[in-house]
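Q: These are the residues of each chain, in order.
2 protein chains.
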Amino acid sequence: MGNRLPPLFRDISFHAQHSPIGAFASFTCGQFGSRGGFGLEIGKPGNQNIYIGIKSGDRSSNGPVKVLPFFEGASSNEAGRYDVERAAGPAEAHTTPKFPTYQPSEIRRHYGWATDAWKTDDFEFAIYTPFLQIPDLHRTSVGEWDRALIPAIYATLTVDNTRGTTSKTAFFAMQFAEAGVRMIPTIDDSSSGSSLGSTDDSIRCGFAFRRKFGISARCIDSQRNHDLDPRHEPSAHPIDGRPFGFNRFDLESGIKDPVPHQLGSVPGIGITVPPGQSRTLAIGIGFFFEGIATTGLEGDYFYSRAYRSLEHVLDSALSNIQHAIDAAHHLDEKLLRSTLSADQQFLIAHATRSYHGSTQLLDVGGEPYWIVNEGEYCMLNTLDLSVDQVFWELDQHPWVVKNLLDNFVRHYSYVDQIKVPKASAIQLMGKQAVDSPDVMNTPRTLGTTIGIEHYDIRPGGISFCHDQGIHNNFSPQGRSSYELPDLVGCFSHMSGEELCNWILIAAVYVARTGDLEWARANEHIIEACRTSLRNRADDSGIIVYDSLRCQSGSEITTYDSLDHSLAQTRSNLYMAVKAWASLRGLLHLRQSLGHADASDASKSIIDQAQRAARTVVKHANPDGVIPAVFEAENPGHASRILPAVEGLLYPQFWNEDVRNTAPELVKILKHHTLALLKDPQQRNLFPDGGLRLSSTSANSWMSKIAIFQHVCRSVLGLEADPEIKSIFDRADAAHVGWMLHPISAYWACSDQFVDGIARGSKYYPRIISSALWMREHAVHLQPTTCN
Amino acid sequence: MGNRLPPLFRDISFHAQHSPIGAFASFTCGQFGSRGGFGLEIGKPGNQNIYIGIKSGDRSSNGPVKVLPFFEGASSNEAGRYDVERAAGPAEAHTTPKFPTYQPSEIRRHYGWATDAWKTDDFEFAIYTPFLQIPDLHRTSVGEWDRALIPAIYATLTVDNTRGTTSKTAFFAMQFAEAGVRMIPTIDDSSSGSSLGSTDDSIRCGFAFRRKFGISARCIDSQRNHDLDPRHEPSAHPIDGRPFGFNRFDLESGIKDPVPHQLGSVPGIGITVPPGQSRTLAIGIGFFFEGIATTGLEGDYFYSRAYRSLEHVLDSALSNIQHAIDAAHHLDEKLLRSTLSADQQFLIAHATRSYHGSTQLLDVGGEPYWIVNEGEYCMLNTLDLSVDQVFWELDQHPWVVKNLLDNFVRHYSYVDQIKVPKASAIQLMGKQAVDSPDVMNTPRTLGTTIGIEHYDIRPGGISFCHDQGIHNNFSPQGRSSYELPDLVGCFSHMSGEELCNWILIAAVYVARTGDLEWARANEHIIEACRTSLRNRADDSGIIVYDSLRCQSGSEITTYDSLDHSLAQTRSNLYMAVKAWASLRGLLHLRQSLGHADASDASKSIIDQAQRAARTVVKHANPDGVIPAVFEAENPGHASRILPAVEGLLYPQFWNEDVRNTAPELVKILKHHTLALLKDPQQRNLFPDGGLRLSSTSANSWMSKIAIFQHVCRSVLGLEADPEIKSIFDRADAAHVGWMLHPISAYWACSDQFVDGIARGSKYYPRIISSALWMREHAVHLQPTTCN
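One line per chain: the protein sequences are A and B, in this order. Residues in the first sequence are numbered consecutively from -11, following the numbering used here. Residues in the second sequence are numbered consecutively from -11, following the numbering used here.
The shape of chain A in the complex, shown without the other chains (with noise of 0.2 Å):
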């Protein structure tokens, strides 16, 4: 039950997405008086309201129920009684069910890193989700990967009436705004069969929606002989502390009637603890998608080479619970014991679900091809998300990171030409830049684009698209879902970015795993990044020049909603220093296939990098601080950003200390932070002390703080000015509250706020960035394997 972590301490009602790896697939649940429940390639959370709670007395018995609020219309501000939605489905259900919640002071809610329990004076229900290493699929067989790869999660709903005197039936079930509720058939494993009965623990009852999702459930850890009150007989009814399935077209109904209807939308699962009992019901959650999943490259999910049904899924799921369990308490103690702040685990917990809940792990003919999910958007493989979780992953499952580097090239790569702007373009490329306040997520064709006949066309060279498709839909080839020509702003195209961003996710990836086959079989992509990232440069060193694929518009970095600070990729800080970590990234690759830094490619890249670094430096305004953009005439010259040591982040992965390769550009980075953070006009931060990337702008994403706090530790060593300590302090309890603020804490972990409100990038995976702290920490991120 998770005994071992504390409650948490501030707002108990947001919502969790608990999710398996690689199903796309959550059980979302946790913020009061939301739907949640089951949500299956939706990018969203579920549509049922959930009823777990007690009702006094047995299954029959006229007395109360009581339930946690995770209900539509379950309000924690009134003491009471609700009217809950009517339920869809046939127009026979008219019930309108009322019942009383427990009130927020009657919970405690206990978060862990793979655990999310409930505890009240009644019950204690807890949901795991402990997270395994998926080995390299492609060497391994199922048995070595089946309890990695189940599509289900687990739960625990625990009664102890040791010290009560009347029976109390516990219950956890759903009400469906879709049609499709069935139940699955009650199950009694007891071998002897009827002769000698069925015990409490024999017996497997559940429900499921069509052949998508559902649970089942059955009762371990039945305590009858000790810790009785000696007042109490064992009860006089047969039947209690069985499990029992019931489905009418309200909870009280169903809990109370034995015959379970099959036209009912409030299917569940129950226990009747008699007086000096004790029980816990455990419940697989479980998850089926059958058949072939996506169009464009067409795959099933690689589950399906493992589990053959739903029911499969969640017999193996009630199988495997105690190693479940067990896992998930490791996992929790992990991270309490890796001495970061409450606000970071929670952040870290919070991340870990999300992330796994975007996650996809298809097979496209006869290969694994590893997807995630860009949260709400549902895009798949956004490279500008992989390049923040490559971390993570790394650390996790490092073969996925090449399926991705792989399945970029053999699909999603492309070779395109860059404009050279005339000086008739010069003149004109100042005003199109997006001069707008927060543009949420609007489609941005607000700046000036500028025809091409205001420039040479030249070779570019190889770029990665933005992703791969959306909503299961994978893209044409070479073509992302995200991209459009003749924009200035949202949904034009990143070449830039995304070269830097794969040539950065293949120089980690070699560090870590020190694969230098794969290095050696795509010697040639390397190569041709580096021509490429070479093209989109002038004397600068860093990218100047758009892709043509923008045609009149211009290109735009992974920030595409912010403002001008972070709009363009074009002589953008960010990017100019993420350009250099990447020509750096080149060189490391290189060096690793044995190449001598004097080969006159490594000396191009070696001279690219000096001059990027010189770039970024000389733009420094007297003060000190940087520029976001380094056009003097476009609005974002007068922006001040964080990001702009994001860069400074990847050569720690292949042991290069910047410090001493680009003094100078660590210096003025330093410098420029240091001035950012302590700027006594407070420029980048909010009022509630969170950060800021844009002085400019009221967005904000948390992925990229995260990266930005652990840039300033564990490169800048800023962690050992007590001031930028507790600035980041109060900023990480700013960003816990963003999380928990009532609009944002309906979606789980999201990552665009704007003013400190999840209102755009929910349901997101890309706060896993944050994982990064627990390095600070030497927690051994060694991951948890599947023996």
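Please keep in mind that the hints were generated in silico from the structure rather than gathered at the bench. Backbone N, C-alpha and C define an ideal beta-carbon position, used for all residues, glycine too. Hints are not guaranteed to be accurate.
As the list claims (entries may be wrong) - Below, computed lysine-lysine pairings styled on DSS-like, alpha-carbon distance capped at 27 Å:
#, chain 1, residue 1, chain 2, residue 2
1, A, 200, B, 32
2, A, 591, A, 666
3, B, 32, A, 32
4, B, 244, B, 32
5, A, 419, B, 244
6, B, 419, A, 244
7, A, 32, B, 200
8, A, 658, A, 606
9, B, 200, A, 200
Unchecked claim - A partial selection of chain A residues facing chain B, derived with a Cβ cut-off under 7 Å:
#, residue
10, 463
11, 472
12, 648
13, 717
14, 718
15, 721
To be verified - Just so you have them, the derived chain B footprint on chain A, three or more residues with Cβ under 8 Å:
#, region
16, 2 to 15
17, 240 to 252
18, 268 to 280
19, 688 to 702
With the hints as your guide, set chain B onto chain A.
A: Frame of chain A; chain B shown alone:
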């Protein structure tokens, strides 16, 4: 374009459920201001806005668009421009398209048996749903049924711009509320490739939603060289006249922008027709469900034996479209030529579509499995619907009736006991009736249940479940999804009526097909039915004992939410005549099997039938009207019901002249019917002239009205009475009005009307019983075959 169909003369704003056969799929459209479109396995209209219309000028022009009002927010009552709800999907979609719609006065709708066409001065749009005979799938190969079972329907969009002076761009687009839209890659079939260039007719383009449904279009019937106004030159734009696909967040951007956005939620196809030319876009509208679709019994769609993917379906539909249009016109002609009134033709055409939308032909374990879903409720093969649909099915593809009978025997039959009331029960039984106002399908335990201690338990016999499951979830063997114990009213058991239903279906099947092989193989079932029907009756010959499956409740009839007049099975007039017909059916089956009427078993059947007939006759009041319920203290005793005569329908299928075999019964029922129809108080009419099945209820079922009218004409010969003809003509007009009421019209064709508005049993298959009327006009009902 269904040119020979006259335009509708009444309200043209109603949904029609355009469906292939056996795919449990519909493309619903036609009600102004409502969503519709694709619905797969949902029992209700789809959730898309549909934009069909014209833009002045070519696609890049700034000309206005004008669309049919097939989208939410398009009111037919105001001219001009409307706000359209923001599409769901990525948060980027903030656009608020506004465009003018055609007013009702600008639209003519032509609604034939298999063509539904809208004509404006600018274009014509027509949907074709030809229904072909499905050959016995046990005995035919794929090539003999693939056209009949293709999960697609067909449409054309024609712009005749031969007299125009500017280009017109026609389009068909949809706005999806759910995420997962994709473009189908444009295919150019021109064998010569780019050297000779593609032609208008060689290009196919389309869009889809994931792998589930979509459309594909190609140009046919382009007229360039004749009918041209000599003033016009061919278009200067070489791509004019070729179909194109698009996809953006809003319609107008999509039409205008040549680059589709994979993030868009408004995909479409279009074609620009230069002045002086005419074009027709052929459109395939397809569905595809991959893999196992059901639980319990596991089946996939039979069509997947011939079609491998949605794209395969769409390609095949486009290849087949001319045949399909020809078949649709053939069917239109057949109904037009029937000499049925326009109102009757409308009801049949409307019913045919909704029937097909509920059909689902599966492959279960290698064998075909025929299912008709129960409209909005999606119950599988509700047997009390099957018995009303059997006439149609026997005309179209009689083998599905055998399939249904067999599957009920194999999976959904049971043997019960019956409850013989002791004196103590008889005292209570009058109060057991549901005495309530019309209950809108509300769960009813309103009546008084009677403990089984008041009964003697005796052998019952074989009967059949109410249904086989719900929402693709098959029920456990021998159990329906609907029936529950301990109820009086809705959701109670229908053992008696379903027994009669199986007998009647078997009898008409054998009579119609002469399939003695089947009859012989099932003689033991027929014999078991005889025993069962005998055991449920007392000396009265009619069903008076309830099944023990009811426990403390009592059996109900298919009129589960009408009132007391048709609620209970026991001692019910409707059931008495139905049981009499079932006995005659058993006798016919025995005759077919060569058993003499003088055999003991046949004698016992004849005897029971005579007793049943006498029971009905004897309960007639002095005025010749027979009470709905024979129990004097039952509130139904005062009700006057039209369905009393329903049972007279079946014997005509085995060529029995009931005027000879049961003259007294026929005489009293004719008297009863005339008394009700000509009642000076008009208790069995609604104020609009519609027929009221029970004098005491505002609930009326259209499918049952159709059967009643048919019996009146074809068995009782009442059509010779001009007063009756006038009443029926007025009733037909009223019933059309019921369907067209704005609340009803959303649900296409519905069955259960309360005061003339569809309130239950919506989107329903059963009204196909109206096709019985074609028999009265000697319409050659030979189905249209694939060849």
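Q: The structure should be examined with respect to each hint, and the outcome stated for every one.
A: Hints and how they fare:
1. A:200 to B:32: Roughly 21 Å separates the two Cα atoms, so the pair holds.
2. A:591 to A:666: Measuring from Cα to Cα gives roughly 38 Å; hence the hint is violated.
3. B:32 to A:32: 24 Å, holds
4. B:244 to B:32: Outside the cut-off at roughly 33 Å; violated.
5. A:419 to B:244: 26 Å, holds
6. B:419 to A:244: This hinted pair holds, its Cα atoms lying about 26 Å apart.
7. A:32 to B:200: Cα-Cα ~21 Å, so holds.
8. A:658 to A:606: 15 Å, holds
9. B:200 to A:200: With a Cα-Cα distance of about 16 Å, the restraint between residue 200 (chain B) and residue 200 (chain A) holds, given a limit of 27 Å.
10. 463: 6 Å, holds
11. 472: Status holds, d = 6 Å.
12. 648: 44 Å, violated
13. 717: It is violated, given that the least Cβ distance between residue 717 (chain A) and chain B is near 32 Å, above 7 Å.
14. 718: 30 Å, violated
15. 721: Status violated, d = 27 Å.
16. 2 to 15: Answer violated; 0 residues pass the 8 Å Cβ test.
17. 240 to 252: holds (count 4)
18. 268 to 280: holds (count 3)
19. 688 to 702: violated (count 0)
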